[in-house]
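**Q** Please put together the full structure from these sequences, using the hints given.
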Amino acid sequence: MPIHTEHPSLISLARKAQRQDKEAMLAILQRFQPKIERSLYQTSYEEREDLRQHLCLKVMEAVHNYRVQPAPSFWELYQVTEIARESPRL
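According to my numbering, the sequence shown is numbered sequentially starting from 707.
Any given hint could turn out to be false.
Claimed, not checked - Here are the computed lysine-lysine pairs in the BS3-like style, where the Cα-Cα straight-line distance is at most 30 Å:
id, residue 1, residue 2
1, 728, 764
2, 764, 741
3, 741, 722
4, 728, 741
5, 764, 722
These are calculated hints, taken from the structure and not from any lab test.
**A** Shown next as structure tokens:
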């Protein structure tokens with residue numbers, strides 16, 4: 707039977723990284739590393755290192771600027787649905 711190791715979600719890592727957790731930021735960068743590496747092949751070899759650094763900085767900026775909104779609970783969603791259902795249609 708395969709061993710299943712659970713990885714923290716990107717949202718939980720982002721929250722930690724926003725609180726200056728360097729390990730969380732590194733974990734986020736590692737998750738995006740394959741995508742970053744694939745995008746590097748679209749540019750010349752001489753520019754790849756600069757682009758790699760630029761993309762990593764952009765990921766870090768995005769993490770720090772990201773605002774995590776809590777998902778509505780089931781009952782909050784139900785109430786919104788009921789209000790919408792009861793509203794007169796134009």
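**Q** Of all the hints numbered above, which does this structure not satisfy? Sort the numbers upward.
**A** Per hint list: zero violations.
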